[in-house]
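Order-wise, the sequence lines are chains A and B. The numbers in the numbering used here rise by one with no breaks, and the one at position 171 of the first sequence is 171. The numbers in the numbering used here rise by one with no breaks, and the one at position 138 of the second sequence is 138.
Hints were generated in silico from the structure; no laboratory data involved. What you were told as hints is all true, and nothing was included just to trick you.
Same chains, same label: a pair holds when it works inside one copy or across any pair of copies.
Keeping only pairs whose Cα atoms sit at most 25 Å apart, straight-line, the calculated SDA-like set for lysine to any residue is:
hint	residue 1	residue 2
1	Lys167	Asp262
2	Lys167	Asp214
3	Lys122	Asn188
4	Lys122	Pro18
5	Lys167	Thr22
6	Lys234	Glu102
7	Lys155	Asp101
2 protein chains.
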Amino acid sequence: MSTPLTDAINRELDHILPTIGTRPTRLHEAMRHSVFAGGKRLRPALCIVASEACGGKAQNAMNAACALELLHTYTLIHDDLPAMDNDTLRRGKPTCHIAYDEATAILAGDALLTLSFEVLAKHPQSGALVQELARAAGSRGVIGGQTEDIAAEGKPPEANLLEYIHKNKTAALIRAACVMGGICADANIQTLENLATYGENLGLAFQITDDLLDESSTEEKLGKNIGSDRANEKMTWPALHGKEASQTQIETLTNTACAKADMLPNGSALNALARQMASRTS
Amino acid sequence: MSTPLTDAINRELDHILPTIGTRPTRLHEAMRHSVFAGGKRLRPALCIVASEACGGKAQNAMNAACALELLHTYTLIHDDLPAMDNDTLRRGKPTCHIAYDEATAILAGDALLTLSFEVLAKHPQSGALVQELARAAGSRGVIGGQTEDIAAEGKPPEANLLEYIHKNKTAALIRAACVMGGICADANIQTLENLATYGENLGLAFQITDDLLDESSTEEKLGKNIGSDRANEKMTWPALHGKEASQTQIETLTNTACAKADMLPNGSALNALARQMASRTS
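Can you build the whole structure from these sequences, using the hints too?
Here it is in structure tokens:
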């Protein structure tokens, strides 16, 4: 779904990414293939809306927003690799290693990760932004979550492990998106903490919703292989706690997030976004 | 070979890397396996010596130096993967995907790349350092060089292509190491340009020396599979121009590098380092 905000994010991503004709052309084609494969731009949108919630201007958060999407896209490319989840379809298009090849997909992911930090380097708050993004994305964040997620395949479900995976693999980057928006708006520590709590609760709710949709939606709606969690014997919230408890947990997490949004100077859009995420069907 | 400088670098790397016991333990073990596999620490040493050549203190360049080694180690891990060069031996030890598994090796590389930027975030010159490292390491630098290197396998040797590969895959990061040392010493633009030229020439000489050693050294001395360039039908300088011309080219590049070192306030150690690199046997 296209909105003025996602259009602006897409224009900036197009501006940041090397053109198709830039050497090595196949690498840059692969990077663009995955970045422009129809992502919803949740993380960059969150960054910008979080910045505005603190009284910042969208334009000052645009680079950080794009860095988040570049980094998120790299995680998808590497997660889809044969050695990881071995997925062939993502957002309704062939995954990067299917459309190109495995080496190109690994390198395109590496290049998007590297580019995300290059983009942040130009921001007046580069130190704080790089630190926030690198911590969230690193071995004690997103990569840690992905490592435990793969290791957990085929094991009996376990609540603590599932919480670690969701908190790190998914919520860490969504949390960082909100905090980085605040940093771009020069928000104070208390405000950054509220944004962090908002983002973490939103991120956990987002992942449980994803788990539910993986079981109940259609391939056409989601644009990815359906039931792949179950096929890969992934640990999910519905598998561990049941569908009804999952729905209740989504509501609890969303309420906590919204309460934090309401403490921000201009948090109504963040509040609305959390409600909208909780009731999505794709 | 251990020196007071490499010992200090190793201590700092040990301090920076999460401990073995940190969750996920297997991931952090894999990261440490590759970082502490006996690397010569050329890039961090260059960064520190370059900084001192501009009148800076070693301690102020130590973080940037370690970021370079973390990033370099990630490139080795990913280059060794089955989808890339498929190497089983590196610095005399099993490569990361052999010692662990392919998924862990991909993630350990990703985590080291991410950590290298986290380390730079704390430096007072974080913006300039992140920009320099990300540009050198990105799709128009190291990753671009690796992409073209893989694509060139089995093709007839071609001088322009070989130059692109060497300049980007190897020289870009060595150049960045020198420039980052200068940035840590608050060097002016002219000095940074001299360091860049020094680093680029040293980097090209280094790669041609590597190509020669791959043909003539022993597995025991180099600690990696010998003749793997030829087996993978890699484009190399000796294969294209012959051994004698390669030796002459190394001398020419080293002389250019040394002339630039001599223009720096305190460049004698950089000069000596370039001479030493040109005559190495492993």
